[in-house]
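Letter by letter, the chains look like this.
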Amino acid sequence: MNCLQQNSATRRYLYRFVPTMTAYAVALLFAEWAIHRFHPTGALLYALAVLPAIPIIGIIVVVGLYLAEEKDEFQRNLLIQSMLWGLGAILSLTSVWGFLQLYAHVHPFQPFMTFPLFWMFQGIATAVLRWRYR
Amino acid sequence: MERKPSMECKEKMSWSQQWSQKTPTARRYFFRFNCAIFFFVALSFVLGYLALHGFHPRGTIACIVAVLPAIAIVAALVSGGMYLSEETDEFQRHLFVQSILWGVGGIMVLTSVWGYLQIYTHISHFFTIWTYPFFLLFQAIAWGVLRWRNR
Chain C
1 MNCLQQNSAT RRYLYRFVPT MTAYAVALLF AEWAIHRFHP TGALLYALAV
51 LPAIPIIGII VVVGLYLAEE KDEFQRNLLI QSMLWGLGAI LSLTSVWGFL
101 QLYAHVHPFQ PFMTFPLFWM FQGIATAVLR WRYR
Chain E
1 MERKPSMECK EKMSWSQQWS QKTPTARRYF FRFNCAIFFF VALSFVLGYL
51 ALHGFHPRGT IACIVAVLPA IAIVAALVSG GMYLSEETDE FQRHLFVQSI
101 LWGVGGIMVL TSVWGYLQIY THISHFFTIW TYPFFLLFQA IAWGVLRWRN
151 R
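Chains C and E, in that order, give the protein sequences. Residues 1 to 134 (the working numbering) make up the first sequence, in order. Residues 1 to 151 (the working numbering) make up the second sequence, in order.
To be clear, the hints were calculated from the coordinates, so they are not data collected in a lab. Every clue listed holds true.
Lysine to aspartate or glutamate pairs mimicking EDC-like chemistry, simulated, CA-CA at most 20 Å apart:
{"hint": "1", "chain 1": "E", "residue 1": "LYS22", "chain 2": "E", "residue 2": "GLU87"}
{"hint": "2", "chain 1": "C", "residue 1": "LYS71", "chain 2": "E", "residue 2": "ASP89"}
{"hint": "3", "chain 1": "C", "residue 1": "LYS71", "chain 2": "E", "residue 2": "GLU87"}
{"hint": "4", "chain 1": "E", "residue 1": "LYS22", "chain 2": "E", "residue 2": "GLU90"}
{"hint": "5", "chain 1": "E", "residue 1": "LYS22", "chain 2": "E", "residue 2": "ASP89"}
{"hint": "6", "chain 1": "C", "residue 1": "LYS71", "chain 2": "E", "residue 2": "GLU90"}
{"hint": "7", "chain 1": "E", "residue 1": "LYS22", "chain 2": "E", "residue 2": "GLU86"}
Since the structure is predicted, the reported quantities are computational estimates derived from the model, not experimental observations.
Required output: the full structure, derived from the provided sequences and hints.
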């Protein structure tokens with residue numbers, strides 16, 4: 001069985017997802033480079049700091065479009081389930097870390113890590129679910 | 001065309017009545033969810049109060065104490081998963097999934113923006129404990145807007 005069922009909705013999802021994820025990486029690298037190179041201040045600094053977050057909104061829209069377009073209920077359900085597991089994992093992690101920060105004085109969690117970690121957990125959940133339903 | 005009783009009922013129903021209308025599955029979900037959230041809030045308050053009053057456990061006990069509120073979060077999320085598998089009304093399920101997506105989007109944008117601002121502009125640190133309450137807030141707003149749009 002293929003890792004991804006290549007129907008038209010999945011293809012459109014990938015065509016949208018890959019460029020948006022690339023835009024995220026580019027925006028992240030650009031913001032990092034521009035801030036270190038030009039040392040901006042004020043509104044420009046805030047704008048550069050916010051820049052990598054814009055493609056994140058795009059990714060959420062891409063996922064929403066896929067869920068609306070996907071006709072295969074099983075595939076749609078699989079994505080929803082994996083996102084729920086990813087969400088559960090990231091919210092549990094941040095809560096445990098937050099309380100560990102409070103009690104055990106562990107190193108503060110970097111909030112920008114929430115997004116990549118969510119997708120990592122979602123990816124693991126997708127793989128496990130696909131393996132279960134193989 | 002002769003008016004059917006079900007149509008009359010729908011016409012007479014105000015938006016607030018439609019708002020409070022819940023399927024049996026939704027009622028079960030809200031019961032489970034409220035129990036989990038009550039446990040989370042109560043535990044967070046107790047642990048926060050104890051932390052402010054000199055309770056600083058170390059090692060394994062600190063880890064156990066930190067994991068306890070997360071169990072409540074997992075329970076709340078499991079109740080969401082159970083609702084999605086039990087709900088037979090596809091429209092309600094769709095609304096719920098959409099609100100989760102908006103919640104995820106909201107929390108991802110907030111943590112990313114705050115995270116980068118924290119690195120580059122030295123604003124105050126985002127306290128990670130607030131991730132889940134913020135997610136719930138975004139999800140609740142999205143759910144309200146979606147229900148209002150589809151009233």
